[in-house]
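Put chain B on the given structure of chain A with help from the hints.
Residue numbers (the working numbering), protein chains in the order written: chain A, 1 to 213; chain B, 1 to 473.
It cannot be assumed that every hint is accurate.
[Stated by the list, open to error] In silico DSS-like cross-links for lysine-lysine, where the CA-CA straight-line distance does not exceed 27 Å:
| no. | chain 1 | residue 1 | chain 2 | residue 2 |
| --- | --- | --- | --- | --- |
| 1 | A | Lys149 | A | Lys56 |
| 2 | A | Lys85 | B | Lys20 |
| 3 | B | Lys184 | A | Lys56 |
| 4 | A | Lys213 | A | Lys185 |
[Unchecked claim] Simulated restraints, written as ranges between beta carbons of each label pair:
| no. | chain 1 | residue 1 | chain 2 | residue 2 | range |
| --- | --- | --- | --- | --- | --- |
| 5 | B | Leu297 | A | Ala28 | 42 to 48 Å |
| 6 | A | Thr178 | B | Glu339 | 46 to 52 Å |
| 7 | B | Gln262 | A | Val146 | 54 to 60 Å |
| 8 | A | Asp200 | B | Phe259 | 32 to 38 Å |
These aren't lab readings, by the way, just hints derived from the structure by calculation. All C-beta atoms, glycine included, are put in the ideal place defined by N, C-alpha and C.
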Amino acid sequence: MNKYLPIIKDALILMAFSSIFAVLSIYAADLLKGSGVKTDPIIASIIQNDIDQMKKLIEAEGGRVNNLDEQGRTPLMWAAYVNYKSGELVAKDEVKRLEATTLLLEKNADKDLKDKDGWTALLWAAWSGFPKVSDALIGAGADIAVADKRGNTALMIAALRGNAAVVKLLIEKGADRTAKNTEGKTAADIAQEMSGKYPDKGAAYTEILSLVK
Amino acid sequence: MFAAVKNYFSEFKIMKTVSKDFWMVNAIQFFDGLAYFSIIIVISLYLNDNVGFSDMETGIWQGVFFMFITAFMFTVGSICDTLGVKRTYYIATILLIISRLGMGVAPELMTGEPLKYVTMGLLIVMALGTATIVTNTNAALRHFTTPENRGTGFNVYYLIMNIGAMLAGAVVFDGFRTMFGTVKGNLMIFNFSFAMTVLTLICAVLITNKHAEETAAEKAADPTPQKTPLQIFAEVWKESAFQKLVLFLVLTLGVRLVFTHQTMVMPKYYLRTLYNDFELGLVNSLNPFIIVVGLILFIPIINKFDTVKLIVVGMLISALSLLFLAVPNSWILAIPGIENMNQAYIYIIVAQIFVFAVGELIFSPRFVEYTASVAPKDKVASYMGLSALPMFIARPINGFVSGILIAGYSYEGVRAKIDTGNVSYMDSPEWMWMIYFFLAAISPIAVILLRNSLASTKTDDEEKKDGAAEAAH
Chain A
1 MNKYLPIIKD ALILMAFSSI FAVLSIYAAD LLKGSGVKTD PIIASIIQND
51 IDQMKKLIEA EGGRVNNLDE QGRTPLMWAA YVNYKSGELV AKDEVKRLEA
101 TTLLLEKNAD KDLKDKDGWT ALLWAAWSGF PKVSDALIGA GADIAVADKR
151 GNTALMIAAL RGNAAVVKLL IEKGADRTAK NTEGKTAADI AQEMSGKYPD
201 KGAAYTEILS LVK
Chain B
1 MFAAVKNYFS EFKIMKTVSK DFWMVNAIQF FDGLAYFSII IVISLYLNDN
51 VGFSDMETGI WQGVFFMFIT AFMFTVGSIC DTLGVKRTYY IATILLIISR
101 LGMGVAPELM TGEPLKYVTM GLLIVMALGT ATIVTNTNAA LRHFTTPENR
151 GTGFNVYYLI MNIGAMLAGA VVFDGFRTMF GTVKGNLMIF NFSFAMTVLT
201 LICAVLITNK HAEETAAEKA ADPTPQKTPL QIFAEVWKES AFQKLVLFLV
251 LTLGVRLVFT HQTMVMPKYY LRTLYNDFEL GLVNSLNPFI IVVGLILFIP
301 IINKFDTVKL IVVGMLISAL SLLFLAVPNS WILAIPGIEN MNQAYIYIIV
351 AQIFVFAVGE LIFSPRFVEY TASVAPKDKV ASYMGLSALP MFIARPINGF
401 VSGILIAGYS YEGVRAKIDT GNVSYMDSPE WMWMIYFFLA AISPIAVILL
451 RNSLASTKTD DEEKKDGAAE AAH
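For reference, chain B alone in the conformation it holds in the complex:
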């Protein structure tokens, strides 16, 4: 284990060769990550309690928000390429400053319908800012590293992002809600995020742009002019490899949507089945913690196995994690050492997060690998870009679904009804998770059933050759 840790960090020595700008980009990632992850945890509670959205409206608008992030990410690439790293950062941070500050102060200045419409507008601005900063950071990391230190550079970025996610939950979310109360605390989290975005802007100003190491040779190696996503889609949609990829992505939607539950459903579920002053940020931090530890210790071992098998196993583990939340709570109360309902809920919540993170650790990195393996060699980037399409369509639908389920099964006040025996299993939050479990379980089962066609990594040309050979035979 010690060797694995030493091995992981030893490759970081190469980072001595990167420019100051690379570290500035990571500072941006840290501050913005802290702000983004804090907002992601609090947003459903903010829309409910501070803006006055119903559970249904909250679900819809969270779905819209995430859909816009995905949609904008398709297109802001060309903006980043044209304006350059520094100016794109200025645009992104200004959009984020306006939206985060606006969301922090708007509920203090207005109420009712005007507040709702202003919030909807700010959510769209924030989605545009988020998509721009994420896309630009990826471009900036390429820009400020060399081919030799790029891989490690991205590892550092991923590590910093997860550290930001951990601190956002355990320190920022819990800290502000404990200090300022559960309703006012939500606003303070947005104000904190605004302050972090100002720091991001300062870091962007400090980028010198002097050490761009993207060499002329690299640029010459990629002479393809930039295409819009629609142009790329028109080119590849008839290819069987692309259709295979889309089939795979659609089949795996069920379990991947469980990811979005962490932000759409979980915060309300935790607070409503436990209590409003529950430290859910700390619990949320478990996921990035497990991912970071797992990346360091287990990835070298996991990498030895076949991609599709790992995806199936990982998805199965993630889907099964929902069973902890789905079994009747009387079963959990029968476990020795669990005395009351609070302990039962904390037990199943922690168990689910842990098991889900293990599954995520196994299957999540494999998606990129699978996409790369299916794509023809000259179109890997295009396939990668389009691989977000199914999620883009599924997210708003999932927003609606989560809104309906939360309003029906995990509504505010449900704990009072559970305590007094007024909630049958079929009306309980546990049943809601059983529904999610069925949706998630479809993915690994479907992939197992269709594994032969999904496992094929042949391109159209190769398949044509095979077909011709068979005919000749």
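Chain A extracted, bound-state conformation:
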């Protein structure tokens, strides 16, 4: 038995030490909660494409649909955001994100709230390449002419990323092709510039140029 005593002693020291440190860490993280560093569970469920969980959270805490993260983004903006190179993955995620967007809009999520750089959910959807989510937002009355702090509109952002389907939708919905950002560039100028930089998206940029010129 004696040979096990040092082990038991070491184990107890470890347990005590780890528990104290874990408690301190949780406390430190909680202290920072007020400054928006904790991920909102609704946003976490959106990232996981877990719409059932999102529904439960919204039902339980209905007023949280316009909560902001540390960058000033709402759950609606998160629903309108992905960052994939593969178009297939974007299309696959859009199915779930459309469900999330529809639900959030039904629960009175503010469609025109801006993050710290002046981006609304529509601008995020334009960048991500989500035509259906963009359509849902516009259908709910989102401002199609809104621009960020650099004067970029949803049309310019979709043109920049080579998201032809979103550009097409925005044009159909009456987006201003002549609007210029703070650098004096229109959506056509931006698409022209990008077509040289991303030859792999050549076909998309050609289509965009035909739509915005």
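Frame of chain A, contents of chain B only:
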């Protein structure tokens, strides 16, 4: 070059003399290495995307996880000595099976705060399991080799560990995330790691323990009873050689912490500045690949130089590697052949990994050498054991720092803002790396400034004799 490769592998012939158990330990190292390195790459993404931690919480808990591994490694030595290799493996693998399986399935069973608390508990269990298996593998390698083949035995172990690290990135991480998607793929990596741990347990069962070659003579040569780290610390902390070592280790913390960025900061940085389906595992595999190739080809040449000089040069190279990530991306876009932002980021990421690995190759093995050179001859093992102390304290702090920097400069969605000109240099991920560069650059500069006191390898007795001689003079 061919001669260097031939020379490296020729010494492996001696491994014909080792027991079956030695190879079983290496099989354990391979399976567990594959699991461990896969988890290390995915953990920050898992905590963010699957558990729902913020960047800050992720940083804190990664720091806590690594700190616990270091803390447990101080103390599990006595557990291994008492229970023996085989039983310690059983304990380690059971802890790892529980934690890895738990982390793979918990996000499917619960959400929100309960999931976060369960994950915190599992992280601590996994840290204990990891520390136990690493410490036990080191003990087992000694146990199942003879003094003649031990050096080569450890080389084989190091090679197998790096091969595991390479496969973990390029095959496991990228494979599962491509196959199952970026969120579900993270869980599958934990499930894979669980399966690897079951194989580890099977290997542990197959250890016969018949060929323990630690001879009675070896044991007699080391009659010192086992001491706890606190006892050792109480003995050596007043020694000037130990204080010198601590000073050296603290001075070099800046650049050594860059090591931890590979797991704490890099995965998020890569995916957020590029795209979520970027094959970061392949890029991560470059580091162990360069280390293995470098070990075979260049170590015999590098070994000819002075230890402190090599540490300074190596650290300087590693610190400078961060400049690739820190310069404004408009500079990179001006390089002929780089057309767009994706190419610019891939270029700087690969360049940084390559240059950092070269620096690491030069300075990393020298730390052990330096510790051994500073320590009094009878206390080398104690000094070695305590040399992890500064890292142990620095890791959780670095976790906090990385959480703050990632949340502020490399947040999810930052690429959209970079593309549209909404991010100034001072708000960019590049500025985050400039901050890291300043932190890392302090190390080689400080070592250069204090090189005279650090280079001294005299023990207390020798210094006293010198002092007496000077007084007499």
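Status of the hints after comparison with the structure:
no.: 1; hint: A:Lys149 / A:Lys56; verdict: 35 Å, violated
no.: 2; hint: A:Lys85 / B:Lys20; verdict: 48 Å, violated
no.: 3; hint: B:Lys184 / A:Lys56; verdict: 21 Å, holds
no.: 4; hint: A:Lys213 / A:Lys185; verdict: 13 Å, holds
no.: 5; hint: B:Leu297 / A:Ala28: 42 to 48 Å; verdict: 46 Å, holds
no.: 6; hint: A:Thr178 / B:Glu339: 46 to 52 Å; verdict: 28 Å, violated
no.: 7; hint: B:Gln262 / A:Val146: 54 to 60 Å; verdict: 40 Å, violated
no.: 8; hint: A:Asp200 / B:Phe259: 32 to 38 Å; verdict: 35 Å, holds
Comparing the model with each earlier hint shows violations of hints 1, 2, 6, 7; every other hint is respected.
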